[in-house]
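S.K.: Sequence:
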Amino acid sequence: MKLKNEFCAITVSVNDHFSFNDPKNDRYGIIFNPQNYNSEDSVKALEFDVNLFNERKKIAIISFIGELEGDIAVLEGTVLTVLQDETFLQIDVIDGRIITTKPTDIFGSVFSLNKFDDDYIVHGEIEIARYDSDFNKIWSFSGKDIFASVTGRPAFEMSENSIKLYDFQDNYYEIDYNGKEI
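For the sequence shown, my numbering assigns the number 27 to the initial residue and increments by one for each residue that follows.
Simulated from the structure, these hints should not be mistaken for lab results.
Note that the structure is predicted; figures quoted are calculated from it, not measured.
Check the hints yourself; a few may be wrong.
Only pairs whose alpha carbons sit at most 30 Å apart, straight line, appear in this in silico DSBU-like list of lysine-lysine [said to hold, decoys possible]:
hint, residue 1, residue 2
1, LYS190, LYS206
2, LYS141, LYS83
3, LYS70, LYS50
4, LYS128, LYS206
5, LYS50, LYS28
6, LYS50, LYS141
7, LYS30, LYS163
8, LYS30, LYS170
9, LYS170, LYS83
10, LYS190, LYS141
11, LYS128, LYS28
12, LYS30, LYS128
13, LYS70, LYS28
14, LYS84, LYS170
15, LYS141, LYS206
Produce the complete structure using the sequences and hints provided.
M.R.: Following this line, the structure appears as structure tokens:
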């Protein structure tokens, strides 16, 4: 996954072989471990290679769920918003500090985090949810099965006026941005 704006360019990848005891961890300028995993846990690192055009940084977020299945990050100015392990994190990429961490009540895996106006739309395995800018859930919508397509059609698609969804049983749903089925 790649993110870019006038302030920076970020490449997101997964380090499947992360170990807390690895001497190569010094390549990360910053390591965040919001769930307080330890060396006994089987974890991965979500890596953010940040190019500030005059400086490069490497940030790692330690995670149990290390799959990069979709777009799990949004870049707004110098703020990187990430949804990983059912936790929202906002990181200022200039100084590397965490601005916000907030757990969610998302059930199941998260496939993508999307910006909509001042809010966020989450494409989850079990639910589609809208969160405000403070990461409070506004609404959620669930179908008959997980939101993954077996036919090759996009399981989740945001259009101008609605969100179009297919579930694993090939059921079609269309909801508006207030979470109401159309």
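S.K.: If a hint holds in the structure, say so; if it does not, say that too.
M.R.: Status of each hint after checking the structure:
1. With a C-alpha separation of about 12 Å, the suggested pair LYS190 and LYS206 falls inside the 30 Å cut-off, and the hint holds.
2. With a C-alpha separation of about 24 Å, the suggested pair LYS141 and LYS83 falls inside the 30 Å cut-off, and the hint holds.
3. In summary, the hint linking LYS70 to LYS50 is supported, as the alpha carbons are separated by about 14 Å, within the 30 Å threshold.
4. Only pairs whose Cα atoms come within 30 Å are accepted, and LYS128 paired with LYS206 is accepted, the gap being roughly 26 Å.
5. Distance hint between LYS50 and LYS28 is fulfilled; the C-alpha atoms sit about 24 Å from each other, no more than 30 Å.
6. Pair hint LYS50 plus LYS141 does not hold up; C-alpha atoms about 34 Å apart against a cutoff of 30 Å.
7. Of the pairs offered as hints, the one joining LYS30 and LYS163 holds, with about 27 Å between alpha carbons and a cut-off of 30 Å not exceeded.
8. The suggested pairing of LYS30 with LYS170 is violated, with an alpha-carbon distance near 36 Å, which exceeds 30 Å.
9. Between the alpha carbons of LYS170 and LYS83 the distance comes to roughly 43 Å, so the proposed pair goes past 30 Å and is violated.
10. The hinted pair formed by LYS190 and LYS141 meets the criterion: a straight-line CA distance of about 16 Å does not exceed 30 Å.
11. About 24 Å separates the Cα atoms of LYS128 and LYS28, which keeps this hinted pair within 30 Å; it holds.
12. Restraint check for LYS30 and LYS128: the C-alpha separation of about 24 Å stays at or below 30 Å, so the hint holds.
13. At most 30 Å may separate the alpha-carbon atoms for a hinted pair to count; LYS70 and LYS28 meet this at roughly 19 Å.
14. Between LYS84 and LYS170, the direct Cα distance comes to roughly 41 Å. Violation of the 30 Å bound is thereby established for this hinted pair.
15. Of the pairs offered as hints, the one joining LYS141 and LYS206 holds, with about 19 Å between alpha carbons and a cut-off of 30 Å not exceeded.
Consistency note: the structure conflicts with the earlier hints numbered 6, 8, 9 and 14.
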